[in-house]
Amino acid sequence: MLKGRHLIDPMDFTVEELETIFDLAEDIIEKPEDYSKSCEGKILATLFYEPSTRTRFSFEAAMMRLGGQVIGFSEPQSSSVSKGESISDTIRTIACYADAAVMRHPKEGAPKVASVFSPIPVINAGDGGHQHPTQTLTDLLTIRRVKGNLNNMTVGVCGDLKFGRTVHSLIKALSRYENINLVLISPEELMIPDYIIEEIIEKKGMTCKQVRTIEEAIAELDILYMTRVQRERFFNEEDYIRLKDFYILDEKKMKLAKEDMIVMHPLPRVNEIAYEVDSDKRAYYFPQAKYGMYVRMALIAKLLGVK
Amino acid sequence: MIKITSIEKGIVIDHITAGLGIEIFKYLKLDNANFSVALIMNVNSKKQGKKDMIKIDNIIEFDVTELGLIDPNVTIITIENGEIIRKSKLTLPAQVENVIKCKNPRCVTSVEKYVDHVFYLVDEEKREYRCKYCDEKTVFKGV
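Protein chains in written order, with our numbering: chain A, 94 to 400; chain B, 304 to 446.
Hints may contain errors.
[What the hints assert, rightly or not] The following residues of chain A were derived to be distant from chain B, with all beta-carbon distances above 12 Å:
| id | residue |
| --- | --- |
| 1 | THR186 |
| 2 | PHE210 |
| 3 | PRO212 |
| 4 | LYS240 |
| 5 | THR247 |
| 6 | ASN272 |
| 7 | ASN274 |
| 8 | PRO280 |
| 9 | ARG321 |
| 10 | ASP353 |
[Stated by the list, open to error] No farther apart than 27 Å at their CA atoms in a straight line, the calculated lysine-lysine pairs in the DSSO-like style are these:
| id | chain 1 | residue 1 | chain 2 | residue 2 |
| --- | --- | --- | --- | --- |
| 11 | B | LYS350 | B | LYS404 |
| 12 | B | LYS404 | A | LYS176 |
| 13 | A | LYS296 | B | LYS416 |
| 14 | A | LYS240 | A | LYS351 |
| 15 | B | LYS416 | A | LYS176 |
| 16 | A | LYS255 | B | LYS392 |
| 17 | B | LYS353 | B | LYS329 |
| 18 | B | LYS406 | A | LYS176 |
| 19 | B | LYS353 | A | LYS255 |
| 20 | B | LYS332 | A | LYS255 |
| 21 | B | LYS429 | A | LYS297 |
| 22 | B | LYS406 | A | LYS265 |
| 23 | A | LYS297 | B | LYS440 |
| 24 | B | LYS332 | B | LYS312 |
| 25 | A | LYS135 | A | LYS124 |
| 26 | A | LYS302 | B | LYS312 |
Hints are computed from structural coordinates only; laboratory data are not their basis. No residue lacks a Cβ here, since even glycine has one placed at the ideal position from N, Cα and C.
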C-alpha cells in the first residue's frame with residue numbers, strides 16, 4: 094500500500110512496490126486518456142529551493158496530465174523561505190493547501206526533515222549531492238521498458254561518480270536485482286565514495302570493476318549511464334575546468350558497443366555526449382526523460398491513492 | 304594489586320578498556336563527587352590483558368547509551384547490602400540522539416537548528432554511525 098507514504102530514499106519502497114508503480118506507468122503510457130482525470134480536484138505543491146527545469150516540469154506535467162493542479166515556488170527568494178521560515182513550518186503550512194508535496198533542496202536530508210513533520214506525502218526531488226529517487230524510478234522504468242526486466246545486466250556508469258546523486262541512487266536500487274555487474278568509469282578525483290562500495294556493492298555481492306576510460310569497458314556493457322560533471326558541486330573552479338570534458342561519448346566509441354546497448358543520461362548534458370550520438374538508435378536519454386514523466390504520474394497516483 | 308574496600312551500596316564499572324577509565328570518570332563528573340570513588344587503572348585481566356575499573360560508593364544515574372559510545376565493552380555492576388543485584392553489559396546503541404552533531408556542512412541539520420541530530424549504527428565492529436538525514440559517516444571515539 095503506497096497511499097500516504099513518502100519517497101525520500103530509493104530504498105523506501107520494496108521491489109514489489111516499485112513493480113506496481115512501473116506496471117501503472119506502463120499502463121499510463123499505453124492508455125494516457127484513461128488517467129487524464131485521475132487527480133481531478135487534487136493539488137501538488139512543488140517546493141524548489143534550488144533551480145531545476147526538467148524535474149520540476151516533469152512533476153508539474155505529470156500532475157497536469159493526471160487532471161490535477163500545481164502550486165509552488167521555483168526559487169526560495171519568491172517564498173516565505175526568504176523570511177527565514179523553517180522547513181517544518183513550510184511543509185505544515187503547505188499541507189493545509191495541497192495533497193502532496195515535491196521538494197528539491199540544496200541541503201542533504203531536507204526532504205527527510207519535511208517528511209517527519211508532514212501529514213501529506215513528501216517526494217524527494219533531489220537533496221544536494223545525496224539522493225534523487227524519482228530519477229532512479231525513471232532510470233529503472235527506462236531499463237525495464239527497453240530491456241524487458243531489471244536482472245542480468247552489465248551496467249556502466251560514467252563521469253562524476255563522486256558527487257553524482259543519480260548514480261548513487263541507481264546503484265543502490267540496482268543492488269536489489271539479480272546478477273548486476275557494475276563497471277564504474279571515472280577519473281580518480283571523481284571516483285565513487287567508499288561507502289557506496291563498502292555498504293552497497295560489497296554487502297550486496299554485486300560484481301564491480303573500476304576503469305578510467307570508456308573504451309576499455311564499452312564492449313561488454315548492456316547499459317551505459319553517462320553523467321555530467323556538475324559545476325555546482327565543486328568548491329574550486331580550476332578542478333571543474335580540468336575534469337568537465339574528461340569523458341566525451343562519440344560515434345567512434347559507440348562503434349565499439351553492442352548493437353543492443355543503450356545510452357542513458359539523467360540530463361542536462363553538457364559535453365559528455367556528442368550531438369552526433371543523438372541519431373544513434375541506442376541513444377535513449379530523451380525517451381528516458383519522457384518515461385520520467387510517466388513514472389512520476391504513476392508515483393503521484395499511487396501516493397494519493399487515486400485510480 | 305591495590306586493595307580497595309568493598310562497596311555496601313554502589314556501582315562498579317568493570318571491564319573498561321585500559322585508558323578509557325579516565326574518560327568515563329570525567330564523563331560521569333566523578334571529580335566533583337562527595338562520596339567515595341576509586342578509579343583503578345591497568346588492572347590485570349585474563350580477558351582484556353589490562354583493564355580499568357571505577358568503584359562508586361553510591362547509586363548514581365547516568366545515560367548508559369552515551370557510556371556505551373565511550374566504551375561498549377564495559378559491565379555495570381550494581382551493589383546493594385554488599386551483594387551484586389544487577390550486572391549489565393553495555394553494547395553500542397542502535398541509535399543515538401543529540402549526542403554529537405553532524406559535521407557535514409551540506410547536512411540539513413547545519414541550518415535547521417530544531418532538528419534532532421540522530422545517528423544510527425551501521426557497523427558495530429568499526430563503531431560506525433550514519434546521520435539519519437544525510438548519511439554522513441561518524442566513528443565514535445568518545446562523547
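Here's how the hints hold up against the structure:
1. THR186: holds (15 Å)
2. PHE210: violated (10 Å)
3. PRO212: Answer for A:PRO212: holds, closest chain B Cβ roughly 18 Å.
4. LYS240: holds (29 Å)
5. THR247: holds (27 Å)
6. ASN272: holds (26 Å)
7. ASN274: Label holds. Min Cβ-Cβ 25 Å, cutoff 12 Å.
8. PRO280: The claim stands: A:PRO280 keeps its Cβ more than 12 Å from every Cβ of chain B (closest is about 22 Å).
9. ARG321: holds (19 Å)
10. ASP353: Consistent with the label, A:ASP353 stays out of reach of chain B, its closest Cβ about 35 Å off (over 12 Å).
11. B:LYS350 with B:LYS404: Violated, because 34 Å separates the two Cα atoms, which is more than 27 Å.
12. B:LYS404 with A:LYS176: Given that 27 Å is the threshold and the Cα spacing comes to 26 Å, the pair holds.
13. A:LYS296 with B:LYS416: violated (34 Å)
14. A:LYS240 with A:LYS351: Holds. A:LYS240 to A:LYS351 sits at ~13 Å (cutoff 27 Å).
15. B:LYS416 with A:LYS176: Holds, because 16 Å separates the two Cα atoms, which is no more than 27 Å.
16. A:LYS255 with B:LYS392: Roughly 40 Å between the alpha carbons, so the hint for A:LYS255 and B:LYS392 is violated.
17. B:LYS353 with B:LYS329: holds (20 Å)
18. B:LYS406 with A:LYS176: Roughly 26 Å separates the two Cα atoms, so the pair holds.
19. B:LYS353 with A:LYS255: Outside the cut-off at roughly 43 Å; violated.
20. B:LYS332 with A:LYS255: violated (43 Å)
21. B:LYS429 with A:LYS297: holds (19 Å)
22. B:LYS406 with A:LYS265: holds (24 Å)
23. A:LYS297 with B:LYS440: holds (19 Å)
24. B:LYS332 with B:LYS312: Distance ~19 Å between B:LYS332 and B:LYS312 Cα, so the pair holds.
25. A:LYS135 with A:LYS124: Within the cut-off at roughly 21 Å; holds.
26. A:LYS302 with B:LYS312: Given that 27 Å is the threshold and the Cα spacing comes to 61 Å, the pair is violated.
Comparing the model with each numbered hint stated earlier shows that hints 2, 11, 13, 16, 19, 20, 26 do not hold.
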